[in-house]
Amino acid sequence: PTVLLVLGIQEIHADQEVISKISAAAQLMQCSASLDVLLLLDGSYSIGKGSFERSKHFAGKLCDALDVHPDRVRVGVIQFSSTPHLEFPLDLCVTKQEVKERIKRIVFRGGSTETARALKYILRKGFPGGRNSSVPQVLIIISDGKSQGSTAVPARQVKERHITVFAVGIKFPRWEELHMLASEPTQQHLLFAGDADDAANGLYSTLSGSICSATAPGCNVESHPCERRTLETVKELAGNYVCWKGSKQPNAVQASLCPFYRWKRVLIRHPSRCFRTVCLDPCDSQPCQNGGTCVPEGLEKYHCLCPVGYGGDIHCAPKLSLECSVDVLFLVDSSAGVTLEGFLRYKAFLKRFVQAAMGQDSPMNVGVAQYDNKVRIPIEVGQHRDALSLLKSIDALSFSGGGTLTGRALQYIAQHGFRSRPVFADVQDDLPWVVVLLTDSKAQDAVAEAAQYARDRDLFLIGVGSSLVRAELTEVTGNPKQTIVYSDPQDLFNRIPEVQRRICSVDNPEGCQAQALDVAFAVDASAGVGLESFLQLRSFVRSSCLHFSINRDVTQMALVVYGSKAHTAFALDTHTSNAAVLQAIDQVPFLGGSGSAGGALLHIYGDVMTVQKGARPGVSKVVVLLSNAGGLEDAAAPAQHLRDNGVSVFVVVVGDAQRERLLRVAGSPNYLLHISSYEDLQHYQDLIIERICEEARSPVNLCKPNPCMNQGVCILGPGSYRCECRGWEGPHCESS
Numbered sequence: 001p002t003v004l005l006v007l008g009i010q011e012i013h014a015d016q017e018v019i020s021k022i023s024a025a026a027q028l029m030q031c032s033a034s035l036d037v038l039l040l041l042d043g044s045y046s047i048g049k050g051s052f053e054r055s056k057h058f059a060g061k062l063c064d065a066l067d068v069h070p071d072r073v074r075v076g077v078i079q080f081s082s083t084p085h086l087e088f089p090l091d092l093c094v095t096k097q098e099v100k101e102r103i104k105r106i107v108f109r110g111g112s113t114e115t116a117r118a119l120k121y122i123l124r125k126g127f128p129g130g131r132n133s134s135v136p137q138v139l140i141i142i143s144d145g146k147s148q149g150s151t152a153v154p155a156r157q158v159k160e161r162h163i164t165v166f167a168v169g170i171k172f173p174r175w176e177e178l179h180m181l182a183s184e185p186t187q188q189h190l191l192f193a194g195d196a197d198d199a200a201n202g203l204y205s206t207l208s209g210s211i212c213s214a215t216a217p218g219c220n221v222e223s224h225p226c227e228r229r230t231l232e233t234v235k236e237l238a239g240n241y242v243c244w245k246g247s248k249q250p251n252a253v254q255a256s257l258c259p260f261y262r263w264k265r266v267l268i269r270h271p272s273r274c275f276r277t278v279c280l281d282p283c284d285s286q287p288c289q290n291g292g293t294c295v296p297e298g299l300e301k302y303h304c305l306c307p308v309g310y311g312g313d314i315h316c317a318p319k320l321s322l323e324c325s326v327d328v329l330f331l332v333d334s335s336a337g338v339t340l341e342g343f344l345r346y347k348a349f350l351k352r353f354v355q356a357a358m359g360q361d362s363p364m365n366v367g368v369a370q371y372d373n374k375v376r377i378p379i380e381v382g383q384h385r386d387a388l389s390l391l392k393s394i395d396a397l398s399f400s401g402g403g404t405l406t407g408r409a410l411q412y413i414a415q416h417g418f419r420s421r422p423v424f425a426d427v428q429d430d431l432p433w434v435v436v437l438l439t440d441s442k443a444q445d446a447v448a449e450a451a452q453y454a455r456d457r458d459l460f461l462i463g464v465g466s467s468l469v470r471a472e473l474t475e476v477t478g479n480p481k482q483t484i485v486y487s488d489p490q491d492l493f494n495r496i497p498e499v500q501r502r503i504c505s506v507d508n509p510e511g512c513q514a515q516a517l518d519v520a521f522a523v524d525a526s527a528g529v530g531l532e533s534f535l536q537l538r539s540f541v542r543s544s545c546l547h548f549s550i551n552r553d554v555t556q557m558a559l560v561v562y563g564s565k566a567h568t569a570f571a572l573d574t575h576t577s578n579a580a581v582l583q584a585i586d587q588v589p590f591l592g593g594s595g596s597a598g599g600a601l602l603h604i605y606g607d608v609m610t611v612q613k614g615a616r617p618g619v620s621k622v623v624v625l626l627s628n629a630g631g632l633e634d635a636a637a638p639a640q641h642l643r644d645n646g647v648s649v650f651v652v653v654v655g656d657a658q659r660e661r662l663l664r665v666a667g668s669p670n671y672l673l674h675i676s677s678y679e680d681l682q683h684y685q686d687l688i689i690e691r692i693c694e695e696a697r698s699p700v701n702l703c704k705p706n707p708c709m710n711q712g713v714c715i716l717g718p719g720s721y722r723c724e725c726r727g728w729e730g731p732h733c734e735s736s
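Letter 552 of the sequence shown, counting from 1, is numbered 552 in full-length UniProt numbering, and no numbers are missing.
Among the hints, erroneous ones may be present.
[Unchecked claim] Here are the simulated lysine-lysine pairs, DSS-like style, with alpha carbons at most 25 Å apart:
#1 K347 - K264
#2 K96 - K146
#3 K392 - K442
#4 K301 - K146
#5 K374 - K481
#6 K264 - K245
#7 K146 - K159
#8 K613 - K565
#9 K120 - K96
#10 K704 - K613
#11 K49 - K146
#12 K245 - K235
#13 K61 - K100
#14 K347 - K374
#15 K245 - K146
#16 K61 - K347
#17 K301 - K347
#18 K301 - K245
#19 K351 - K374
#20 K347 - K392
#21 K351 - K392
#22 K392 - K374
#23 K146 - K125
#24 K49 - K100
#25 K159 - K125
#26 K125 - K100
Hints were generated in silico from the structure; no laboratory data involved.
Owing to the predicted nature of the structure, the values given are computational and were not obtained by experimental measurement.
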């Protein structure tokens, strides 16, 4: 596959893994040889100020790969346009940071592109501040290659002085001229500044073969086919049109056909080869198990993105998260309606569920029944006490085909599915009975009466199926919240956490219905998220609201949206019912602009989680930050400030981001949820609500955050607090 590095101007034909390794290797390169490096920056009008700033960015990035020191690598810069101008000589800066600061301060000059005059300046003056000829000299020309005159002669003379010349294209470069400027072999000395990491890697890869030390262990230089392109304006014939021409005869005009031309911009292709250093990364050993995806973080660290149902450790071991004591019977549709493919998918789902939910000491007894015209129970509830033998029995299940008599199956299971409990027992055992119906085919008999019969016998019914059978599943379960619908075959496996939680909700109310809680959602409404994704975040907050009982005594909810500034959509004490909160959420607008999560968290601390705005002393306080991967740079300190003042911060991030950076904001992996796409957010809602409810049950410090207003001091007592006021009065120092 082809990976575009920058705007189609340069392509390297390699897979995404290799491209990632090229960028990662560029971060760790360091040339420590004795070397004089002179940067020749094109500051002409054809470059423009914007591209000149990108040239400076590349120059700064390049310095990261050079060990700048008076005895090792020296760096100087000349800017050229109509005339060359020495920005700073090679002996001025003694550290890498000094060089980068000097480059940042360079001002764009403008003028014509006199590349030949700049090269003649170097031939005449040499490398300003450089050492003697025993030290290798490297000239790096950063230009668009659109010189006003011929550069062939001075370019040849420079190379004859044994100066290594790299030609680095910027903007839409004219590669033919840059090819003429570069040293041989030109394919190793021609780079594109638009991708700074790739260009720095290419430069280091060439120098490591001659001037710099050899590549690090585990790294080697590889050759890849690549293509560079030049954007040119060409004239093409558009057609012939009737025109009028004069005649030799007086007062006579002659009709004729005249050609009509138009100008067109085209990309001229230059096939080549690119040499880049690639290093082994920790993911090459495939450390992630059970289908987990390894994401490298540099050349030494990595983290695993685990499939749903895994994540018991960093390598995606089965996640032993089902800790409720229940008897579970999976009722699997084996009729012709689901087809053999669908039945095999259900078997795979059952195996994944067992691996995810059962440990050696699991308190859950699992059985499996299958049905078509008849009902069979090949795996009795409690028959297997360990996951391995249960998995073998699931493997042995076979497809039968036949009609889809779901109603008959439910009635049979209600009578015979759980034989551990006598039909007329005076005392029932303590374990709840749960039936999970897996079907994707509409029933050919009545289900309502049979389902009611099962529920009357205290069976807790959960329905799992596609949207085709949503209405029927709801009729079976008697409760939409016990109906789990998947959008496509693969999505079935994403529902494992939801199935787990529905099973364990048999004797527990959903959400935090009985827990006092002050919760604030901070939603990224910046341009980085975009309107469509913002609407998905808003919908997530809306559906989360249904898990709480909104009133003054139980849960209070606030909503803050932010772009470059934070805005309180509604405060903790604004609404006293779920209906009012839902209506307010629907009217929250998209803001746009750049996103500042740090500003939003500071806003919540100073203007939301306060007694003045309805925060209740002695009640658990939680902030849920919903953001994309950008805009979190300033969030770590404000998040820690909230935590220091007794407010828990959950960070939910969508998109690619370095895990270490996210952990600095979340403070702990227990408070971080990193999701690949906005569409997947809904699958993790139960997990997020569960974590919020756990936090709501934690003990609180009555003085955090400080309930006292106007600089009052909160003093803890046994099971209470008081405010010591300074010039103010009232229980919270609220009156003057």
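Hints, verified against the model:
1. K347 - K264: Violated. K347 to K264 sits at ~60 Å, over the 25 Å cutoff.
2. K96 - K146: Violated: K96 and K146 sit about 31 Å apart, past 25 Å.
3. K392 - K442: Distance ~29 Å between K392 and K442 Cα, so the pair is violated.
4. K301 - K146: violated (44 Å)
5. K374 - K481: The given pair, whose Cα atoms are some 29 Å apart, is violated under the 25 Å limit.
6. K264 - K245: Not OK: K264 and K245 at ~28 Å, beyond 25 Å, violated.
7. K146 - K159: holds (20 Å)
8. K613 - K565: holds (19 Å)
9. K120 - K96: violated (28 Å)
10. K704 - K613: With a Cα-Cα distance of about 15 Å, the restraint between K704 and K613 holds, given a limit of 25 Å.
11. K49 - K146: holds (16 Å)
12. K245 - K235: Within the cut-off at roughly 24 Å; holds.
13. K61 - K100: Holds, because 9 Å separates the two Cα atoms, which is no more than 25 Å.
14. K347 - K374: Given pair K347, K374 holds - Cα atoms ~19 Å apart, limit 25 Å.
15. K245 - K146: violated (39 Å)
16. K61 - K347: Roughly 53 Å separates the two Cα atoms, so the pair is violated.
17. K301 - K347: Since the Cα atoms of K301 and K347 sit roughly 36 Å apart, the hinted pair is violated (cutoff 25 Å).
18. K301 - K245: violated (77 Å)
19. K351 - K374: holds (23 Å)
20. K347 - K392: holds (11 Å)
21. K351 - K392: Within the cut-off at roughly 9 Å; holds.
22. K392 - K374: Status holds; Cα separation ~23 Å.
23. K146 - K125: Given pair K146, K125 holds - Cα atoms ~24 Å apart, limit 25 Å.
24. K49 - K100: Satisfied, since the Cα-Cα distance of roughly 18 Å is no more than 25 Å.
25. K159 - K125: holds (15 Å)
26. K125 - K100: holds (24 Å)
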